Each structure stands twice: as structure tokens, then as C-alpha cells.
Amino acid sequence: MGFLLVSTVLLCVLAASSSAAEKTDTLIVIARLIEIPSKFVPNDLYNYVYIMKYSILKVEKGMHASKELLVGQYNPLIPRNKIKDKMRAFAKGNVDKFIVGARHRLVLIAPISAVWNYAIQDEYFDYEITKYYALQTDIAK
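In this text, residue positions in the sequence shown follow the working numbering: the first is -10, and each later residue adds one.
Hints are not guaranteed to be accurate.
Said to hold, decoys possible - Here are the simulated lysine to aspartate or glutamate pairs, EDC-like style, with alpha carbons at most 20 Å apart:
id	residue 1	residue 2
1	71	57
2	86	111
3	28	115
4	47	127
5	71	117
6	42	127
7	73	127
8	86	33
9	73	111
10	81	49
11	130	33
As the list claims (entries may be wrong) - Derived CB-CB ranges, DEER-like:
id	residue 1	residue 2	range
12	56	34	14 to 22 Å
13	52	23	15 to 23 Å
14	71	118	17 to 25 Å
15	14	47	16 to 24 Å
16	29	57	29 to 37 Å
17	92	55	28 to 36 Å
18	75	52	26 to 34 Å
19	56	35	28 to 36 Å
20	17	89	20 to 28 Å
21	33	54	35 to 43 Å
22	55	31	18 to 26 Å
23	68	34	24 to 32 Å
Note that these hints are calculated values from the structure, not bench results.
Just so we're clear, the structure is a prediction, and the values are computed from it rather than from any experiment.
For each residue, glycine too, the CB sits at the ideal point set by N, CA and C.
Construct all of the structure, not just a fragment, from the sequences and the given hints.
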């Protein structure tokens, strides 16, 4: 009975998150990953979003005033195209591994809570700027 209740609640949360993501405007950028501030937590412990720092090279859609931005990536140890859980619709792309210096094309939304309300590993907790969630992360050409 407990499992069924938890499953039902998760489905409701995902449905609400999905409609929230559809209503949230996106920011699409080409950016260079400039900082991964600490080691990623192993995925066997729990699911989480990890905040990384990027430098914007080009804005394709939307507006962003600063040259840097903070981006949350869901379970960054898992290649984007290998995510199979309930977050598959919210963590797409072709990046296999996050490496400082890599160029990515990012489809972003803010706030992160539009799709994720659980564990966040955030070394930038004292930064007073918007933090984005990466709906899609592809290798930039």
C-alpha cells in the first residue's frame, strides 16, 4: 500500500513539474564548463542535481545579462542519453561526461524547482544569482 501511495505521489509531482516546465521560458546557450567545484556524489546513494559554473559563449534564445551562469545537472555521473528513470524527459542530450573546458549547448529553465524539488549539491549556495536547470545538454559544435 505504501509503495502505491509513493508511486501515485511521484506521478502527480512529475505531472505538475512537466506542466511547469512547459510554461517556463527557456534560455538556450552555447557555454563552456568552467568549474565543477567538488567531486560528484555516487549515484547509488540518491538522485540529485549538481550545480556547475559555465561561461556563456553565445546566447541562442532568451536573455542573460552576465557572462557566467550556474547550471544544475541531474545525476551528472550518468551520460545524458542513459538516464532511464522518471527524470528522462527532463535530462536529455548527448554528453557522456562533464569535463571542465568542454563546450555545451544547453537548454535551460529557471527556477530549478520547476522540475526538481529534491537533493541539490550546490557549492554556490551564497551566490545571489539565478540558477538554471539543464533540460538538455549536448556537445557544442
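So, going through the hints one by one against the coordinates:
no., hint, in the structure
1, 71 <-> 57, "violated (28 Å)"
2, 86 <-> 111, "holds (19 Å)"
3, 28 <-> 115, "holds (19 Å)"
4, 47 <-> 127, "holds (14 Å)"
5, 71 <-> 117, "violated (33 Å)"
6, 42 <-> 127, "holds (16 Å)"
7, 73 <-> 127, "holds (17 Å)"
8, 86 <-> 33, "holds (17 Å)"
9, 73 <-> 111, "violated (24 Å)"
10, 81 <-> 49, "holds (18 Å)"
11, 130 <-> 33, "violated (32 Å)"
12, 56 <-> 34: 14 to 22 Å, "violated (34 Å)"
13, 52 <-> 23: 15 to 23 Å, "holds (21 Å)"
14, 71 <-> 118: 17 to 25 Å, "violated (30 Å)"
15, 14 <-> 47: 16 to 24 Å, "holds (18 Å)"
16, 29 <-> 57: 29 to 37 Å, "violated (21 Å)"
17, 92 <-> 55: 28 to 36 Å, "violated (18 Å)"
18, 75 <-> 52: 26 to 34 Å, "holds (31 Å)"
19, 56 <-> 35: 28 to 36 Å, "holds (33 Å)"
20, 17 <-> 89: 20 to 28 Å, "holds (22 Å)"
21, 33 <-> 54: 35 to 43 Å, "holds (39 Å)"
22, 55 <-> 31: 18 to 26 Å, "violated (32 Å)"
23, 68 <-> 34: 24 to 32 Å, "violated (19 Å)"
Hint violations for this structure: numbers 1, 5, 9, 11, 12, 14, 16, 17, 22 and 23, all remaining hints satisfied.
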